[in-house]
Every structure is written in structure tokens, then in C-alpha cells.
Amino acid sequence: MPLDPVARAAITAALPPDEVVDDPVRTRAYECDGLTGYRVRPEIVLIPRDADGVVRAVRACHRNGVPFVARGAGTGLSGGALPVADGVVISLSRLKSIREIDVENRRAVVDPGVTNLEITAAVAQHGLYYAPDPSSQQVCTIGGNVAENSGGAHCLKYGFTTNHVWSLDVVLPDGSLVTLGGDSAEQQGPDLRGVFLGSEGTLGITTSVTVRLLRTPETVRTLLADFPSVAKAGEVVSDIVAAGIVPAAVEMMDTLAIEAAEEAVHAGYTVGTPAALVVELDGPIEQCDSEFAQVKAICDKHGCTRLHIAGSPEERAAIWRGRKAAFAAVGRISPDYFVQDGVVPRTRLAEVLQRIADMGDEAGLRVANVFHAGDGNLHPLVLYSAAAGETERAEELSGAIAELCVELGGSLSGEHGIGTDKACSMPKMFGEEDLAVMHRVREAFDPTGICNPGKVLPTPRLCGERPGKYRAHPLEEAGVIERL
Amino acid sequence: MLDTAGPVAIVGAGTAADWAGRLGTVHSVLETTGLTGVITHNPGDMTVSVHAGTPLRALQAEVAEHGQHVSFDAARVAAGATVGGLVATADAGPSALVHGSLRDLVIGTTTLLADGSVVRSGGHVIKNVAGFDVSKLLHGSYGTLGVLCEVVLRLHPIPAAVGTVVVECSLGEAARLAHEVLASQLEPTAVEWLSSGRLLVRIDSTEEALPARLERLIALVGGSVSDPWAEHAELTRGRPGEALLRIGTKPSLLPGLLERLPVGTVTAGLGTGVATVSLPVGSVPEAHAALHAAGGTSVLRTRPVSGLDVPAWGPPPSALPVLRAVKQQFDPDRRLGPGRFDPWEI
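So the protein sequences, as listed, match chains A and B. Going by the numbering used here, the first sequence opens with residue 1, and the numbers climb by one from there. Going by the numbering used here, the second sequence opens with residue 1001, and the numbers climb by one from there.
None of these hints come from the bench; they were simulated from the model. Predicted model only: the values in this text are computed from it and were never measured. Beta carbons: idealized from backbone N, C-alpha and C, even for Gly. Among the clues, some could well be false.
What the hints assert, rightly or not - Sample of chain B residues at the chain A side, in silico, Cβ under 7 Å:
id, residue
1, His1069
2, Ala1096
3, Val1098
4, Gly1100
5, Pro1157
6, His1292
With the hints as extra help, turn the sequences into a complete structure.
Encoded structure:
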């Protein structure tokens, strides 16, 4: 239904003219997020300067019954910030202040448009840091992290965004402003902060986030180890866990991903090795030393063919550069690719990788694997050529891999979210009653259904449509973000 | 649930029957203590799913055979508290400083609602963002939103070696020392002050590293190594004739609040800002007001007979309309746990 002229006038009048964009050429810049296959041009984009402006924007939408979608940096990979046709986008990009750094209580109060990395940069001088580290952390915003419950490479030990947020100021879909959470782990009643975190922008808009900061560890040890097979590398991960060690990170790459990464950034990985592991430990020196010795012994026991220990912060950075470059680098060995995000119980890693390889063979497509081995979070990259007409097959394979993860007892998504992309797969993981109760949660926050409708939960309208081919996000083309 | 009508109390082991608002009149009692036992435990995945009526201590004993545990140490566990009861009452112990509370350790739940709906959320993997995290709403719900039937928990390795340094000192001195410890890179698992005049700092470690880590800790704060946790657990129960209050605030504000209130027994997490204190029944409203003014939270845990009508909660949070809306969606006939959030009228 086209936007009613009266509603349009009321919404564009809610904020000063320089905070309103409704020219069709300029609103097109907001038509997609990091999942570029889906595009919808919003009717109006509101770019308020402060929390009060967000309240006014939401109220105007609410009064006029017009759907709105909140947007941070637009780096999300599941279409969570995809606009609604004839609806409004509320961009949080101007809410960029770090309001308070409370060193004594190890927390900071930040606006939603502050980037993940800016928080750590601002508090590093006090020996503190913000732990969740999605690989888009240079550009992704904390408001987006809250919406997606973002993880990163270090969440095996340190947890996700939900474990690092004390409280949130939230504009509810009716325009009222509430605080969810509090100053300590003690909450007053049901954990509303917890259900809001990871709700993908469907329950309201965050205008202020109080994040928990951690003391930087005394030492960090990182190693890169090659193995004769993915299965061998998997055994190493199992043995590390069985030894009672919780590494800060355990990442695995297969031969195709290594080849691509090396070609792109020359980080010192061994081209041709079937599998490589990155293991990182951190903590007090004595603790780290004793655990690191154990990890090295475990690597040797399982036939490690090369062990490289980072001898300096630069060498550590190089190892991580190789790991983080893998996604974008795949563009060097394939004209097109889909990024998948699924989770399996860690003990089923070898099995899922074999199944993925078999499925790839069957589809006649190559799949590169990069994953957070410690927590079973896979990022298979399905390589294809649109020019050769492989798009549909690749898309089917990618979707089948996510659903395979569910079949093996895992999840449709470990960190990229459900958004638009996987809403139609939700019935593979949840039953009708589960989804109906999730819908009730949504109704409690948004009874009129205007806040980011069509995301997370499947709808018949949505599930009849198909996405287009992957196109690089402008930020990705500029080399600012990676697909992870 | 569907075979009964009227208000229902959900009861686990009964170790927190008095906590939060006083239970109103109920027509039925639904006991979860028959829902026991581990459903699946795959040691390699470090997750376990369990029926919610299982006492946590029984679960701990079972997974301990594999060198694993739920990183959770609320004192009530020793009294037989069930997994579901601990989640519903949002209980936590000293190691919440590092491991968080059960809201951080629960990765999935299956819950029965008043209308007979059964909802699963989360799953069996620690990293999972699919769907709304309905489990979070059950944490701290005090039996007012649904009956937890199954809970999936993340496990951690049992630390190979644990040591606690005890320093005899006043609260003021403890606050200063806690600041030093938390600013260091010694990574304590718990930092608690007891009203018996002792600061406890716990280190979880490998065998090899523990002696050196404790030595560095003692060099920083003094004191000596001992095992004072039984005393800690005892103090969290308060004392006869007094009310027991659970409070939470910014850690820096906690010592000042404790000094201003007429507290009896105290266990205070100087890194978490969470404390359990006893105080005269007549002082409970004053304590609620003081905590609210400081931006903190407070909830009554137990009340003596002389204080049956003392308010369990302070002023309501700004999100009260959302709490009411959630209740309306989950339990529109208001059957579950009447009175638990009085005086808020949720």
C-alpha cells in the first residue's frame, strides 16, 4: 500500500529538514544491508541527531501506522535492516557519542551508532576492552551488535553481546522510552534486556547501551598449526577441550580457504595444507604458559606438520589477518560466492564437513570452509559462477547446508542472524508452537506490528519470494568490511 | 495445567519458597520435583540438557565424572535447589563475577505455558542466534510466566586447582583492596566481603600456575590462603528474626550503601555489586528506597513472621508496561504465581 500523503507529511515533519531524506535517489542508498541480494527502497529515511529525535521519529510512525526499520552501519548479513516497502528507515548513524567511561565500574555508556572498535579504542588507555569482536568491528555499530547479539572469534571464552551489556535504553514501537536491564547482574523480574538482545530490531530501537568492559589479559599466546586432514585438526580441538582448557579462540580453515587467504594477504599460511588451526590463549602469564605447553603437545600428538608460534604482536596480527581475510579473499578464486553461517555441536564437525563436501560434489560446486571450531560455528563459502548459470544451484546448496546444521543438532545461525534471509527456514528448527510463542513475545513489545516487520519469524508473503544474486556491498568493495 | 482451573503455584525443591512477593491464594500446586534426570550429555560438546526439576547438585555430581560442571555456585545449590528453580529465581553465587548468572549459562529451554502451549527456544549449541531468546524471560520470572520443563546448560571444565586468599579487614579496606585486585591482571573468579570482617579472593587455575598466582595475589593484598566458603554460604542465609534482601548496584556504590543501611549479615560481591544482606524488617522499605535512589535493585528473599506484609520490591522499573504486556501474552488469565511481583501488579 503506498504511503498515505497525510502520513508522509506527518512523518517528514517529525524531525528538522536536515534529518529527513525522502528523495528517491538518496533513499536508494538505504535499500539493502550486507545481504545485498535483497533490495527494497524505503519511502522515507529519518536520521535523528539524538535519542529524543528517535522518540519523535518512532512516535510519528506509530501514530500513522507506518512500519519502520532501524539501521546502524548496514553491515548485517541476514537482511535484518532490509527496509519495508513504503515504510521508514530510522538511521542511528548520527548517534555517535561515547557518553561515559566508568573505569572503576568497568563499563561505558555509548550511543548506538558508536562502532564496536571505537569502544575498545576509547577505553584501552585504562587497560580495558570490549570483548565481543565480530570481524566487521571496524565499521559495525554497537546498536547493530545489540540487535544481532553479535559474537566474533573470541566468544568461545568470553561470550556474546548478551553477556557484555548491562542495560539498554530502548524506544518501544509506541514511542515510549524505557530502560531494560540495570547496573548489576541483578534484574528486576524477567530478563527483558536478554530477550531484546538478538531480537534483530523487531522489538524496539536502542538509543543507549551500557557495555561491560573487561581488564585486558596479562598475556596472549597465538599459534598457527597445519594438519594432514580436517579430521586431525578436529581431534586437536576435542583434546584441547578434554584437557580442560578454554582457549580464547580456536579457528579452522581448510585448504581452499587457506589458498584464497594467502593469495590475498600473504599472512604466512601454508598453501596446500589440508587444514590449519589458529589457537589463541590469554590470561595471567603462569596460567597461559602451562596451558600453551599442553596445546603444543596436543598438536604434536595429532601429527601437526608445521607449528608457528607468534613471536610478536605483529606476527599475531598477521595470523589473524590471514584468518579474517579468508572471506573476501574467496573472491579471488571464484567469481561469486554465498556466505553461510550455521552451527553444529563441536563433536559433529568432522561429520558435517564430510557431508558438506559430498553435497558440494553432488551439486558440482566447490565449498571453502572457515570456521570457529571451538564452538562449532561454520562459515561455508559456496563458490559459483553466476555467468555460468550456477546461482540457483549455489543458493540451494547454501540453504541446504544451514538446514543440515539443524539436522545435526545445531542451529540455523551462530551470529549472522535470521533476518530476511532465513526466516523461511525457521520451521526447520522450531515447531509451530515455538514460533507462535515467539510471535507473542513480539506482540508484547509491538502490538501493532510496525517495528521491522517480516524479519526473524516466517510469514507466508515473505516465504513465497526469492532473493537475487549476491552483489558486493559498497563497503565491501571499498575493502572496509569483510563477509564473516 | 489444563486439567485445573484457578491460580497455580509452581514449586521445585522449595528452597526459595519465600523469595520475592508473597504467594497469594492458589487452587493448585504444580510440583516439578518429578521432572528429574539428565536428558543428554555429550562431554565433548560441553553441554547438557536436563529435566528442570533436577537438583543442580545432582547434575553437578553427574557431569563431574567428566571433569565438567555448571560454573555456578549459589549457596542454595547445597540445599537441593532445582535447576528450574534457580533459573526462575535468578539466583547466582560469587563466581558470577566471571561466569555470569544462569541467564548467561542457559542455552535453551522448553517451557509449558498456562494455555498448554509448549515453547522451545535456543538449542544445544552455545553459539546460536536463531529466534527470540525466550529463555531469558523465564530467568527471574518467579513462576509467573510458565513452567520450565527442560533446560540446556553450557558446561565448563572444573578448574584443576582452586585457591582463596582471605584478608581480615573492614568493608572500607576491602573495597580498596578489591579495587587493586580488579585493576590487576590476576583474574580472580570471585571477590567477596563478609560481615565477619573478611575479604575473600578466589583464583581458579591450572595446578602448575596456582602457587605463583596466589603468591602474586598475596603480594598485592596480603592475607593468607584458606577455604572460607562454608562461612560465606552460611551468611547468605541471614539471621533469624530479620529480613533477607538481595541488592544490586554499581560496584563502586555498594560499600557506601552497606555502611548507611542497618545491615546485619552481609556477603558483598565487590566486583559484581551484588550483595545479600539481613536487616530489621522495619528497615526494608528504607533499603528499597536507598537502592532505588542509587539506581540499583532490591528484592526480598525471606521475611520473618513479623514481616509478612513488608514489600518485596522497591519502586517498579520503567519497563513495567512491558513486563505487564509479557505477562498478558504468556498468562492472560493470571493463573501462575499470583503475588510474586506485588506491589507492582504485573
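Satisfaction of the His1069 (chain B) interface hint, Cβ to chain A closer than 7 Å: violated, 11 Å
Is the interface hint satisfied for Val1098 (chain B)? The criterion is a beta-carbon contact with chain A at less than 7 Å. violated, 10 Å
Hinted contact Pro1157 (chain B) with chain A - closest CB pair below 7 Å: It holds, given that the least Cβ distance between Pro1157 (chain B) and chain A is near 3 Å, below 7 Å.
At a threshold of 7 Å, is the proposed contact between Gly1100 (chain B) and chain A supported by beta-carbon distances? It holds, given that the least Cβ distance between Gly1100 (chain B) and chain A is near 6 Å, below 7 Å.
Quick check on the hint: His1292 (chain B) CB to chain A CB, less than 7 Å? violated, 10 Å
Report holds or violated for the interface hint on Ala1096 (chain B), using the least CB-CB distance to chain A and a cut-off of 7 Å. holds, 6 Å
In summary, the numbered hints that this structure violates are 1, 3 and 6.
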